[in-house]
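Undergrad: Order-wise, the sequence lines are chains Y and D.
All you need for the numbering used here is the position in the first sequence, starting with 1, plus 4.
All you need for the numbering used here is the position in the second sequence, starting with 1, plus 31.
In short, the hints are calculated from the structure, not lab data.
We put the CB at the ideal spot given by N, CA and C, even for glycine.
Take these hints with a grain of salt, some might be off.
[Stated by the list, open to error] Which bits of chain Y does chain D cover? Going by a derived footprint, with three or more residues having C-beta under 8 Å, they are:
id, stretch
1, 209 to 215
2, 465 to 472
[What the hints assert, rightly or not] Okay, the calculated bits of chain D under chain Y, using three or more residues with CB under 8 Å as the criterion:
id, stretch
3, 44 to 51
4, 89 to 102
5, 133 to 140
6, 158 to 167
7, 172 to 184
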Amino acid sequence: MSINVLVANRGEIACRVLRACKEAGIGTVAVCAPNDEGSLFTELADRVVVLQGDTIATTYLDQAQIIEAARSTGATAVHPGFGFLSERADFARAVSEAGLIWIGPSPEAIEKMGDKMTARQTMRAAGVPVIPGEEVEETDETDALQALREAANRVGYPLLLKASSGGGGKGMRAVHDPAEFEQAALGARREAVAAFGDGRIYIERLLSGSKHVEIQVLADSHGRTIHLGERECSVQRRHQKVFEEAPGPTMTPALREAMGSAAVAAAQAVDYVGAGTVEFLLAPTGEFFFLEMNTRIQVEHPVTELVTGVDIVREQLRIAKGEPMACGDLMIRGHAIEVRLYAEDAANGFLPSIGPLLVFRPPEGPGLRLDTGVREGDEVTPNYDPMLAKLIVWAPSREEALQKMRRALDEFVVLGTTTNIRFLRELCDVAEVVSGNTTTTTIDDVWPHGWTPQVDETLLSASLLAASAAESLGLNRQSTRGASGDLSDGLNPFQTISRRFP
Amino acid sequence: MMQHRYVGPEEPVEVNLTKQGDAWTHDGHRLELHGERLKITLADGTVHLAHAAKTGDVWWVHLNGHTFRWERMEPGATSSGHDGGLAAPMPGKVLEVLVDVGQSVTAGDALMVLEAMKMEHRIVATSGGVVTAVHFQANDQVAQGAALLSIEESN
């Protein structure tokens with residue numbers, strides 16, 4: 005069966021999916037908001053439909069407009085990427101009802117896993133261990149607060165508050181002291197309502213010293229469900245992953261087998277079809293607990309691809325067409341590490357930053373992969389997620405992979421917008437990262453008062469020479485865009501980058 | 032000899048640049064322009080290529096894995112150090128104002144909650160003092176750099 009795929013996403017993941025379609029000989033349609041016209045991903049698609057609207061809600065989240073775009077361009081399948089509508093069961097249902105193929109699991113599976121409280125109950129029933137905690141169903145704010153406080157006292161402190169519809173660290177709060185509870189609960193509810201339209205919160209015991217280990221699963225419609233081993237993503241800032249690797253540095257074959265079987269059981273419990281990830285917390289005792297299942301492709305999927313040789317997006321396309329998946333039995337070779345490059349000020353609480361990418365020069369060489377949705381000359385705006393790129397390395401051993409990552413980060417030049425590159429580079433030298441003994445609190449443990457860069461005084465002084473000489477040499481002819489990045493004057497934005505050195 | 036000044040953490044940073052033939056020197060380091068490439072020989076003799084780009088008054092420099100950001104001060108300008116005002120780090124919406132005018136705060140106290148990029152961000156006091164003005168209310172949109180509150184520092 006031949007299909008035409010509409011990618012209902014933007015940025016880096018849209019590029020990833022569009023390229024996989026091209027490799028599979030599949031026609032593609034991109035949809036973009038007006039402020040994304042000309043973005044890299046729109047140039048990789050056969051056709052582009054500009055969604056009409058000036059907010060995310062009226063563009064990338066507008067189900068009717070996206071389905072109409074598929075209809076008008078002859079697309080026969082929809083790939084949701086991650087974020088946006090990827091875990092919206094109502095969208096999966098609407099796509100199917102419009103006669104299109106949904107590249108993902110059934111709406112029922114998304115619903116069972118997407119509502120985190122329902123997922124915990126489903127997993128308990130399937131015999132998959134869950135973190136001790138309680139679900140609170142009340143929706144009225146006053147009643148919910150009261151019920152949450154009582155549940156918190158039963159679960160005990162320290163604890164985690166999590167939004168039932170949550171993900172990506174939104175609507176999540178750690179509470180160490182009952183005195184902080186009310187403010188944290190209100191903040192989590194408010195963030196959850198704003199991000200997901202659902203303020204229901206559940207409570208989990210905070211298992212300190214744990215690792216975040218997740219299992220990639222694949223299931224086709226021919227009855228085969230397999231796992232592709234683990235990824236360790238313990239290193240997180242603000243509950244968002246920044247450093248991911250496969251295989252897990254402390255994993256054993258026996259534990260991989262146990263966690264892999266639990267992940268397959270979790271997928272089978274909801275009749276899962278497609279690519280998905282079952283996330284676990286791995287306690288220092290060796291016990292593991294179900295966290296949640298992400299019913300979509302994940303940001304960090306490349307590390308699994310590099311060590312298993314499986315193209316997960318390509319398998320998603322095969323499975324969506326009703327074909328059996330092509331990958332064989334699990335074989336893990338070498339070690340892969342991914343870091344997420346963000347436009348953010350790591351020295352200032354990881355606050356997102358914006359600005360022009362005057363220079364964007366990724367490293368090169370054997371064993372490197374760059375997944376990005378931007379290129380030199382683009383503007384980082386506050387409209388979307390501040391992730392600029394994922395830098396992934398592969399090497400025969402973990403030690404060599406880490407060395408390669410250090411070299412690659414040192415070579416990565418981004419000027420015009422503050423990024424976390426230096427933070428990631430220092431992370432590669434942290435003792436826990438070098439030894440592989442990372443936990444979900446490593447960043448907070450290493451930098452309890454926030455990260456500040458180790459400044460090399462020699463380079464600092466030489467950088468003043470570079471700035472001053474460049475100025476004196478007249479290398480500073482102003483770009484026509486100025487600092488505001490305003491393109492409305494209609495001048496060629498690439499005039500900016502013609503004035504970069506080298 | 033050419034003098035350049037940049038905004039520093041406290042005092043302005045002054046650079047006295049010397050030109051010797053085609054090379055520029057400062058603090059024992061030497062820079063030559065090779066085509067469009069900035070070749071830097073550090074005082075220890077090692078050679079590195081620098082990348083530099085300018086936006087507004089700011090020079091961005093990448094050198095050997097480190098990125099530096101230098102804001103130029105034109106001759107005669109005074110330090111643009113902060114005057115006790117707290118600026119919005121990026122465009123967003125005020126979710127909550129946590130302090131009142133006249134209230135005493137200490138460094139680290141949360142003053143305001145902003146929503147930007149779908150996440151909540153706390154604006155915290157960088158020094159102790161008394162809140163003399165609150166310029167925005169909950170639900171107001173703020174532009175990057177907008178003064179959110181004013182604090183009179185106490186010593």
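Undergrad: Hint by hint, note whether the structure agrees.
TA: Hint check results:
no.	hint	verdict
1	209 to 215	violated (count 0)
2	465 to 472	holds (count 8)
3	44 to 51	holds (count 4)
4	89 to 102	holds (count 13)
5	133 to 140	violated (count 0)
6	158 to 167	violated (count 0)
7	172 to 184	violated (count 1)
This entry does not satisfy hints 1, 5, 6 and 7, going by the numbered hints stated previously.
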